[in-house]
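> Chain order of the listed sequences is A and B.
Counting in this note's numbering, the first sequence runs from 2 upward without gaps.
Counting in this note's numbering, the second sequence runs from 2 upward without gaps.
FYI, nobody ran anything at the bench for these hints, they're computed from the structure.
Virtual Cβ for every residue (Gly too), placed ideally from N, Cα, C.
Don't take every hint at face value.
[Unchecked claim] Here are the in silico distance ranges between beta carbons for each label pair:
#, chain 1, residue 1, chain 2, residue 2, range
1, A, Glu-344, B, Glu-260, 37 to 47 angstroms
2, A, Glu-46, B, Gln-222, 53 to 63 angstroms
3, B, Gly-115, A, Asp-223, 52 to 62 angstroms
4, A, Gly-4, B, Lys-32, 37 to 47 angstroms
5, B, Pro-171, A, Pro-265, 22 to 32 angstroms
6, B, Glu-20, A, Ala-347, 52 to 62 angstroms
7, A, Glu-344, B, Asp-267, 49 to 59 angstroms
8, A, Glu-46, B, Glu-46, 39 to 49 angstroms
[Said to hold, decoys possible] Non-contacting residues of chain B with respect to chain A, defined by C-beta distances greater than 12 angstroms in every case (computed):
#, residue
9, Val-48
10, Ile-74
11, Glu-78
12, Arg-144
13, Leu-153
14, Lys-165
15, Gly-262
Number of protein chains: 2
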Amino acid sequence: MNGVSVVGVGMIPFGKYPEVNIVDLGWPAVKAALKDAGIDGKRIEAVYSGTSRGGAMTGQRIMGRLGLAGLPIVNVENACSSSSSAMAQAVLAVGSGAYDVVLVIGVEKLSKYGGGTLPMDEDDWEIGLGLTMPALYAMRASRYIHDYGLTLEQLAGVSVKNRKNGALNPDAQMKKPVTIEEVLASRMVSEPFTLLQCCPTGDGAAAIVLASDKVAKQIRQDAVRVRASHLTSGRFMTGFRDMTSPEITVRGAKETFEEAGLGPEDIDVAEVHDAFSIAELLYYEAFGFCPRGEAPHMLTSGATSLGGRIPVNPSGGLLAKGHPVGATGAAQIVEIVRQLRGEAGARQVEGARVGLTHATGGGISGFDHGACSIHIFQR
Amino acid sequence: MNGVSVVGVGMIPFGKYPEVNIVDLGWPAVKAALKDAGIDGKRIEAVYSGTSRGGAMTGQRIMGRLGLAGLPIVNVENACSSSSSAMAQAVLAVGSGAYDVVLVIGVEKLSKYGGGTLPMDEDDWEIGLGLTMPALYAMRASRYIHDYGLTLEQLAGVSVKNRKNGALNPDAQMKKPVTIEEVLASRMVSEPFTLLQCCPTGDGAAAIVLASDKVAKQIRQDAVRVRASHLTSGRFMTGFRDMTSPEITVRGAKETFEEAGLGPEDIDVAEVHDAFSIAELLYYEAFGFCPRGEAPHMLTSGATSLGGRIPVNPSGGLLAKGHPVGATGAAQIVEIVRQLRGEAGARQVEGARVGLTHATGGGISGFDHGACSIHIFQR
Numbered sequence: 002m003n004g005v006s007v008v009g010v011g012m013i014p015f016g017k018y019p020e021v022n023i024v025d026l027g028w029p030a031v032k033a034a035l036k037d038a039g040i041d042g043k044r045i046e047a048v049y050s051g052t053s054r055g056g057a058m059t060g061q062r063i064m065g066r067l068g069l070a071g072l073p074i075v076n077v078e079n080a081c082s083s084s085s086s087a088m089a090q091a092v093l094a095v096g097s098g099a100y101d102v103v104l105v106i107g108v109e110k111l112s113k114y115g116g117g118t119l120p121m122d123e124d125d126w127e128i129g130l131g132l133t134m135p136a137l138y139a140m141r142a143s144r145y146i147h148d149y150g151l152t153l154e155q156l157a158g159v160s161v162k163n164r165k166n167g168a169l170n171p172d173a174q175m176k177k178p179v180t181i182e183e184v185l186a187s188r189m190v191s192e193p194f195t196l197l198q199c200c201p202t203g204d205g206a207a208a209i210v211l212a213s214d215k216v217a218k219q220i221r222q223d224a225v226r227v228r229a230s231h232l233t234s235g236r237f238m239t240g241f242r243d244m245t246s247p248e249i250t251v252r253g254a255k256e257t258f259e260e261a262g263l264g265p266e267d268i269d270v271a272e273v274h275d276a277f278s279i280a281e282l283l284y285y286e287a288f289g290f291c292p293r294g295e296a297p298h299m300l301t302s303g304a305t306s307l308g309g310r311i312p313v314n315p316s317g318g319l320l321a322k323g324h325p326v327g328a329t330g331a332a333q334i335v336e337i338v339r340q341l342r343g344e345a346g347a348r349q350v351e352g353a354r355v356g357l358t359h360a361t362g363g364g365i366s367g368f369d370h371g372a373c374s375i376h377i378f379q380r
Numbered sequence: 002m003n004g005v006s007v008v009g010v011g012m013i014p015f016g017k018y019p020e021v022n023i024v025d026l027g028w029p030a031v032k033a034a035l036k037d038a039g040i041d042g043k044r045i046e047a048v049y050s051g052t053s054r055g056g057a058m059t060g061q062r063i064m065g066r067l068g069l070a071g072l073p074i075v076n077v078e079n080a081c082s083s084s085s086s087a088m089a090q091a092v093l094a095v096g097s098g099a100y101d102v103v104l105v106i107g108v109e110k111l112s113k114y115g116g117g118t119l120p121m122d123e124d125d126w127e128i129g130l131g132l133t134m135p136a137l138y139a140m141r142a143s144r145y146i147h148d149y150g151l152t153l154e155q156l157a158g159v160s161v162k163n164r165k166n167g168a169l170n171p172d173a174q175m176k177k178p179v180t181i182e183e184v185l186a187s188r189m190v191s192e193p194f195t196l197l198q199c200c201p202t203g204d205g206a207a208a209i210v211l212a213s214d215k216v217a218k219q220i221r222q223d224a225v226r227v228r229a230s231h232l233t234s235g236r237f238m239t240g241f242r243d244m245t246s247p248e249i250t251v252r253g254a255k256e257t258f259e260e261a262g263l264g265p266e267d268i269d270v271a272e273v274h275d276a277f278s279i280a281e282l283l284y285y286e287a288f289g290f291c292p293r294g295e296a297p298h299m300l301t302s303g304a305t306s307l308g309g310r311i312p313v314n315p316s317g318g319l320l321a322k323g324h325p326v327g328a329t330g331a332a333q334i335v336e337i338v339r340q341l342r343g344e345a346g347a348r349q350v351e352g353a354r355v356g357l358t359h360a361t362g363g364g365i366s367g368f369d370h371g372a373c374s375i376h377i378f379q380r
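Extracted from the complex, chain A is given alone in its bound form (with noise of 0.2 angstroms):
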């Protein structure tokens, strides 16, 4: 495979405009990257667009009316891993030969659905029996409280230090940042969760541009390098009985390491899929930040806060920056080149040289039903 990089990235900040249709959602996104990339929409050859309740041809439609007709464009629906599954794509298409420069999209408009539930479909059974995602992840976090001893402040201090990143970023959804008081004595929404520790919904867009290594310096002399673009599919828990171990985050976090020739010491900055508090420290362990039941120490040592060993959703992640779905992978890869660059502003990490990205989706615990997509950076 070719060498593929990324040479342009946008995102419109994420937050809630109900009067906005998704294709005016996505379309400034994609200007900011082809603004940030320094090139002419005519030099895209492909679109990869990432929506999961978008409705159908997003990407024909947010390519439309940038008048950029006639080009192959794909619209991938994976859930919460939409766009970076769309990122995988778009990197295997660029690193085959088959096409210089690629469009990546990710785009959601969440407030459609009135601040309601996602449509359910058909056979989720487990919704209809209560395990809704906070529920699937209030199960977890009451397993890791049982087997590890984390505490409730331990577990509020997630979200206060992804609320304290989120204020320091422009596109953020969630601009204050909260107290671990606040955190606890917001409103309950599923034991051990308070409102504070979910994710919030929104609407959102981003996009990327990667590029070859034949035409990728002389796009942006500071490309960033894709490292690894992983892909799988697999379960959130390990065999029967382990629920705080996701199996698909574990195999996936192995098999992106041995494809980059990294290991999670060498990452320097990393954007994690955050959907619930819990999430967060059940992922520092997934990927070998540090070893099983130790993700409370590690939160409250300040390793993942900024300054210090390797800062976790520096963007705010899913719980500050939000989650309108299809567009959160796109986002955290926007976040992670943007600090591979330098130009993170208030929230830089210094000397961040090597990023991860990693948004799983589908919540089916039991089943085989997730997808997990992780991604490696290097400026």
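Given chain A's structure and the hints, the job is docking chain B onto it.
Then chain B, alone, in the frame of chain A:
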């Protein structure tokens, strides 16, 4: 790019399955394709699953049901060309050398909408003006009648031919032949289309196993070669005034023939996107099977009937085999592979060596929202 072949195909009979969920529509098609290939499911290395309205994570849910987790699985949405776009991605993935054995799925359950219209996207203002799919195609039919003197009897003849073919296809939703009189006497839907000139809504699934040159012949001696695999986006009209020449297919056909190093005269059998009777006639001309304005004559001459120079839609096409949106492109490929292997029974095109499939999705006529995927196969 490496060579890619089809080594297994399978589908379920198209029809209405209101009591069957989409996963249980999908997995039997996959099992059939694996059986046809004579391989164990564990040889599959990646999955591309096409659906337009199937809900989140359809491919993962189907593969999970079969106990085949741990693979990269990508859900592709491109409206009526969802699974043919999935096929194009799968061909790229195998052609790039990334995988040796890849599965393509197409699946849709339209009966869940209770026979009503599909959900609208919020920026589909054309639909708000009454330009639903039947109306859009009816406009083109009216124009064709005006420009070329097409008669209503000739137009009805498309349905008569395809229903006759469908009666020979055990997998077709509509198995009853009809006469021109019956077509014209059926309920008016959108002038000039009577009901029998509109494809039925329904449910279905189809699957395809692709293999690289390295392993294809080991799997099946009669592996069918992919000569061209093409996806583009564009318009259903040419420029501003020519609404009977679908730009997206005219250009897509030209580019696909170039890729294959073949021309329309080399095609022995074709499955084209006859969503409405007029569509098949427009596509005769778009593919260059006949000059513009001569499609009615080509039809009535019998050239596109079984036994004719180039049989079109021997499966019954969308008009008779049915059109479960995301499953259609894959099912067209199933038909062409069966034809090229000489397994099409009573509807066999004698001596067919080169076959073409064409699925085009998204109906917004004036804008650049369409997708079109064309494949050429050779035995």
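> For this structure, which hints from the list above don't hold up?
The structure conflicts with hints 2, 5, 8, 9, 10, 11, although it agrees with all the remaining ones.
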